[in-house]
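Per the numbering used here, residue 3 is the first one in the sequence shown, and the count goes up by one each step.
Mixed in with the good hints, there may be bad ones.
Taking lysine-lysine pairs in the DSS-like style, the calculated list, with each CA pair at most 27 Å apart, reads [to be verified]: (1) 187 / 139; (2) 227 / 130; (3) 251 / 231; (4) 104 / 187; (5) 220 / 203; (6) 56 / 227; (7) 203 / 231; (8) 300 / 273; (9) 227 / 273; (10) 171 / 231; (11) 251 / 238; (12) 104 / 130; (13) 20 / 231; (14) 130 / 238; (15) 187 / 130; (16) 104 / 20; (17) 203 / 29; (18) 18 / 104; (19) 231 / 299; (20) 152 / 203; (21) 325 / 78; (22) 29 / 238; (23) 78 / 18; (24) 20 / 227; (25) 231 / 187; (26) 104 / 299; (27) 300 / 18; (28) 78 / 187.
Ranges of calculated distance between the beta carbons of each label pair, as one might list FRET restraints [said to hold, decoys possible]: (29) 235 / 49: 21 to 27 Å; (30) 281 / 147: 40 to 46 Å; (31) 259 / 163: 27 to 33 Å.
Think of the hints as simulated: they come from the structure by calculation, not from any bench.
Where a beta carbon is used, it is the ideal one built from N, C-alpha and C, also for glycine.
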Amino acid sequence: MEENAAYFNARISAMKEKLFPMLTYEKMLLMELPEITRYISEGDYNEDITELSKSFKGIDLIEYALNLNLARTFQKLINISQGDIHRFTVQYMRRWDVENVKSILRGLQSGASSNEITETLIPVGAIKFTYLIELTKMNYDSAKADLIEKNIIPAGIDTLSELEYEMDKIYFQESLDIATDVGEKDLIRYLSLEVDLYNVKIIMRLKNAGADFNIIRKDLILLGKRITKEFLNRIKDLSYGETVNFLNKEFHDLRLDPNGPVTVSERQLEKYLIMFGERISHLNMFSTLTALGFILKKYREIANLRLIVRGKQLGIDSDSIEKMLVV
């Protein structure tokens, strides 16, 4: 096991060296979209952009190339890992299976076309991408029935919102179970924080919309350490701004703006989680945290690149884009 872990760590170190440093993002903020495409294509994304350039152009080319590169990178991670690291990595990738299935069902229910739904999918996870494409061509009821038959989603749930909740809950519970079985205390800390911040997003979004707190409670997954029944009783009568200030006190170094947009706060929560994960991964060599640290770094790079190109396409100024980057 130690030999395998040492080999895995060496391979991860080599893969980390290919990731973009912060200076690269600063350069891209000064570029136009065609320049960004050319710059990206000269590095680790060359194969992906070259392969897709015959079918896509502009921002579509970059979006699909980023997704393809992410899928290939994470598949490589699965292939080179063994034992507990492999077990955790495979489970962690299931988050994209969950998100892809939710995107498909939402799209079908809203009447979106197969192409529109496919554009939202990220080809990462255990479910074959060809099967996901097949689902986008079905109607909602047929796709849901097929997913139930293949034991991908639970049966006996009527509404899509309830189904999404159950899928998320199953994913978080299985992830925490694996971390507990592996015995990685810091991994349990990370996953507990992840589910807590999942709940924080829901609390903030619904409180800001003026939802009844009993409705908010029903959407929460109480598997973490911070968001508990006691915690909820302390914030149930607070206003949105008061809730944000309370969260800032409860979570170390969390600095959400009670007067700012919820979308910006959600982005800050994502940064908070990623930075925490990267920090603890540095303290745990030769463990599942090695895999987690790289996954977060790679996902951070993809998220930053996507943010830059989307921001450029929408004409958002560079200072605003830079503030949203996860660095």
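Here is what the structure says about each hint:
1. 187 / 139: Not OK: residue 187 and residue 139 at ~43 Å, beyond 27 Å, violated.
2. 227 / 130: violated, 34 Å
3. 251 / 231: Answer holds: residue 251 to residue 231 is near 18 Å, not above 27 Å.
4. 104 / 187: Measuring from Cα to Cα gives roughly 30 Å; hence the hint is violated.
5. 220 / 203: holds, 14 Å
6. 56 / 227: Roughly 49 Å separates the two Cα atoms, so the pair is violated.
7. 203 / 231: holds, 17 Å
8. 300 / 273: Holds, because 13 Å separates the two Cα atoms, which is no more than 27 Å.
9. 227 / 273: holds, 19 Å
10. 171 / 231: holds, 17 Å
11. 251 / 238: Distance ~16 Å between residue 251 and residue 238 Cα, so the pair holds.
12. 104 / 130: Cα-Cα ~15 Å, so holds.
13. 20 / 231: violated, 44 Å
14. 130 / 238: violated, 42 Å
15. 187 / 130: violated, 32 Å
16. 104 / 20: violated, 32 Å
17. 203 / 29: violated, 32 Å
18. 18 / 104: violated, 31 Å
19. 231 / 299: violated, 33 Å
20. 152 / 203: violated, 31 Å
21. 325 / 78: violated, 32 Å
22. 29 / 238: Outside the cut-off at roughly 45 Å; violated.
23. 78 / 18: holds, 13 Å
24. 20 / 227: violated, 35 Å
25. 231 / 187: holds, 23 Å
26. 104 / 299: Satisfied, since the Cα-Cα distance of roughly 25 Å is no more than 27 Å.
27. 300 / 18: holds, 8 Å
28. 78 / 187: Roughly 26 Å separates the two Cα atoms, so the pair holds.
29. 235 / 49: 21 to 27 Å: violated, 53 Å
30. 281 / 147: 40 to 46 Å: Distance hint for residue 281, residue 147 holds at roughly 44 Å.
31. 259 / 163: 27 to 33 Å: holds, 28 Å
Violation of the numbered hints given earlier is confined to hints 1, 2, 4, 6, 13, 14, 15, 16, 17, 18, 19, 20, 21, 22, 24, 29; the remaining hints are satisfied by the structure.
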